[in-house]
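Letter by letter, the chains look like this.
2 protein chains.
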Amino acid sequence: MKVASKVLTRRDLEALDRDDPLREFRDRFSLPEGLIYLDGNSLGAMPKATPARVREVVEDEWGRDLIRSWNINGWIDIQQRIGAKIGRLIGAGDGETIVADSTSVNLFKALAAAFELRPDRKVIVSEPGNFPTDLYVAEGLTRYLGRGHSLRLAEPSDIEGAITEDVAVVMLTHVSYRTGRMYDLQRITERAHAAGAIMLWDLAHSAGAVPVDLTGADVDFAVGCGYKYLNGGPGAPAFLYVARRHQPNIRPILSGWFGHASPFTFEQSYRPAEGIDRLTVGAPPIISLTALEVGVDLMLEASIDALRAKSVQQGVIFEELIAQELGEGAVSLVSPSEPAMRGSQLCYALANAWPVNRALIDRGVIGDFRAPNILRFGFTPLYVGYVELWDAVATLKKILAERSWDRPEYHARTRVT
Amino acid sequence: MKVASKVLTRRDLEALDRDDPLREFRDRFSLPEGLIYLDGNSLGAMPKATPARVREVVEDEWGRDLIRSWNINGWIDIQQRIGAKIGRLIGAGDGETIVADSTSVNLFKALAAAFELRPDRKVIVSEPGNFPTDLYVAEGLTRYLGRGHSLRLAEPSDIEGAITEDVAVVMLTHVSYRTGRMYDLQRITERAHAAGAIMLWDLAHSAGAVPVDLTGADVDFAVGCGYKYLNGGPGAPAFLYVARRHQPNIRPILSGWFGHASPFTFEQSYRPAEGIDRLTVGAPPIISLTALEVGVDLMLEASIDALRAKSVQQGVIFEELIAQELGEGAVSLVSPSEPAMRGSQLCYALANAWPVNRALIDRGVIGDFRAPNILRFGFTPLYVGYVELWDAVATLKKILAERSWDRPEYHARTRVT
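Chain order of the listed sequences is B and P. Taking numbering that gives the first Met the number 0, I'd label the letters of the first sequence as residues 0 to 416. Taking numbering that gives the first Met the number 0, I'd label the letters of the second sequence as residues 0 to 416.
Think of the hints as simulated: they come from the structure by calculation, not from any bench. C-beta: ideal position from N, C-alpha, C; glycine also. Hints are not guaranteed to be accurate.
Chain B is faced by these chain P residues, among others (derived, beta-carbon under 7 angstroms) [what the hints assert, rightly or not]:
no. : residue
1   : Ser29
2   : Gly62
3   : Pro127
4   : Met340
5   : Asn351
Take these sequences, add in the hints, and give me the full structure.
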């Protein structure tokens with residue numbers, strides 16, 4: 000797919016930036032001068048409004064108002080409040096989304112609940128290329144239960160066939176962290192329901208990146224994280240969506256006081272709170288949540304459709320630039336070639352991906368390396384412009400042409416991410 | 000127990016403040032002018048160093064260094080780094096403490112691990128007055144497992160008798176949130192071990208408040224929170240201690256990618272990390288953790304023995320002032336009368352505790368109400384002086400004498416905490 004039949008120039012991309020309806024959002028983020036940040040799908044950039052709001056929660060709400068802030072500054076329902084906002088980004092209904100814990104912990108809650116909702120079934124279906132923590136959490140729970148519970152893995156092309164009548168829950172990541180491949184959420188959900196299974200979607204690479212309609216697709220559970228496209232800050236708490244119809248039937252495996260019907264009467268026995276509140280657990284990290292809320296509020300100002308349109312166009316152009324500038328065979332696209340089938344990132348396999356990525360970072364182009372040989376470039380339309388795509392590809396071209404990646408320090412594997 | 004045979008005066012307390020070896024720490028905290036804060040055991044005060052450090056992690060580490068901060072700013076091992084510092088406050092050995100998740104989630108991990116370490120046993124022993132979330136978490140896990148697992152509750156005086164040979168784990172809070180009563184940690188641990196049970200201590204009201212020697216007592220598991228005496232900020236992440244001898248034998252029920260032996264090689268199957276690292280789960284909330292580290296660092300500067308000595312003296316004096324100023328029968332002490340048997344708080348039962356507490360707050364004395372009829376006053380020796388105890392009691396005396404608590408707005412139960 001080509002945007003234009005002619006060769007693309009940097010000037011063409013400047014024109015696209017000028018006409019970009021989302022252009023104003025770029026100034027709402029703080030990014031170092033000259034840095035090309037194509038890793039917002041790993042850690043989103045910092046909204047300029049965040050430091051002042053964080054200062055306020057620390058100095059005024061904590062430092063001055065102290066314990067009273069649970070009441071007077073709304074700490075007590077911050078998990079529901081931010082959850083409701085994220086719910087609007089993913090097509091959830093009122094009272095179906097909270098912010099709590101990490102994505103991993105929320106996956107655990109959802110899987111455990113799914114087994115109780117389908118007491119005669121013991122199989123979790125997923126794919127081997129799912130994000131590892133999803134698989135690890137499923138493995139940890141099924142191993143612990145040890146009563147024939149198991150995790151069944153099938154390649155994406157075989158997923159539908161794997162959803163048989165013994166499956167309790169299908170757990171998939173909507174947009175693959177590794178390839179950017181996007182599932183047909185509605186179709187897979189329908190297939191799960193047809194087999195009587197619960198559908199659990201991991202929206203880590205979807206929320207704030209692609210339109211999601213959980214209500215329209217009748218999804219049962221969903222999780223996702225706050226620190227990628229939602230720009231909520233490092234390790235920002237995660238979200239959990241539970242369809243309203245299931246909420247009254249869930250007795251949380253993680254029964255904490257925040258999920259009690261009356262946390263501050265200190266009753267001896269657990270009584271689940273109404274609705275999704277029962278899936279909160281312990282006291283939430285207020286400062287990190289406050290930063291998350293700023294990111295979510297900013298995301299809510301943008302049109303998800305405009306955002307998706309720009310994301311798709313950025314992907315198409317990036318793909319075209321890679322082909323045009325690097326020529327055949329330098330790298331090979333791992334992501335689907337059809338834009339509608341991929342999220343807001345492109346992944347390429349290439350030899351020496353690790354040192355090439357190190358060399359890119361040293362030259363101010365931050366993407367991601369994903370084992371074993373993948374370079375991942377994320378497009379975050381709120382703050383990444385078109386010209387930056389040109390400059391990123393130009394930098395990659397130069398690194399490959401000059402073999403400047405081939406330095407001992409770039410080969411060293413001392414870094415953890 | 001009386002400090003002096005004479006009647007105490009405000010001047011006596013001024014003298015104690017002048018001679019207080021911890022006095023210098025008061026200036027390291029930011030507290031509103033004139034506020035008497037006796038609720039540091041619910042939410043600790045803000046260290047003055049916190050805002051600058053939080054600004055740094057937000058603006059520089061996130062905003063400027065972005066994803067690189069996992070490596071260059073030490074985010075990747077922040078859970079181990081802060082854990083090690085807290086470990087020094089509770090007598091843990093190297094590599095036995097991490098910071099992760101909430102206290103509730105850590106209780107869950109520990110209880111689940113205890114059942115695996117004692118596979119032939121299915122009973123959790125606790126007391127009905129334990130902090131509710133401890134009981135709720137135990138209830139949630141035992142109910143979910145549903146294979147004869149149960150929670151056995153015994154009053155503190157009967158605890159030792161309840162620890163029979165069928166007990167997998169004894170779970171107690173070292174210092175009671177409601178009465179301040181402190182268990183003999185070594186003795187109960189020995190009793191648990193004699194019966195072949197695992198010992199799990201909740202140190203929420205102990206860490207940073209009273210000396211704890213987990214190594215000396217050979218404790219198996221401990222948890223606690225960062226937002227009370229550690230002054231880590233609202234909802235600060237919690238800590239988890241696991242004795243080194245158990246670590247290799249634990250397959251975490253919550254198996255997340257941060258607890259994997261190699262999180263960033265994205266392997267398909269879970270391989271537990273070495274040691275306690277395996278009990279981390281998801282990406283941790285870095286901003287809240289950064290605030291916690293400031294509080295812990297400050298606490299490490301103080302001598303825990305000096306801190307305990309002042310705490311004990313503050314309790315004795317407060318008790319004496321209550322008796323001297325309020326007279327017989329106005330309130331009744333719920334905490335143990337022997338200072339060595341209580342933590343860093345005093346609790347009194349009285350009629351109309353709820354509106355009295357509201358009236359105190361309106362007059363700048365912040366303690367805590369605990370259902371059904373308890374006023375709780377916490378002593379945090381790093382920033383609470385002796386004169387404040389006088390002023391708090393004087394305020395309480397005036398409220399009771401003038402019945403100024405008896406206003407409709409003070410009776411209303413609109414507040415959640």
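Checked hints:
Interface restraint check: serine 29 of chain P against chain B, minimum CB-CB distance 5 angstroms, threshold 7 angstroms, status holds. Given hint, glycine 62 of chain P at the interface with chain B, holds; its Cβ is 4 angstroms from that chain's nearest Cβ, closer than 7 angstroms. Look at proline 127 of chain P: its Cβ gets to within about 5 angstroms of chain B, closer than 7 angstroms, so that hint holds up. The closest approach between the C-beta of methionine 340 of chain P and any C-beta of chain B is roughly 22 angstroms, which is over the 7 angstroms cut-off, so the hint fails.
For the restraint placing asparagine 351 of chain P at the interface with chain B, the shortest Cβ-Cβ distance is roughly 17 angstroms, beyond the 7 angstroms limit, so the hint is violated.
Consistency note: the structure conflicts with the earlier hints numbered 4 and 5.
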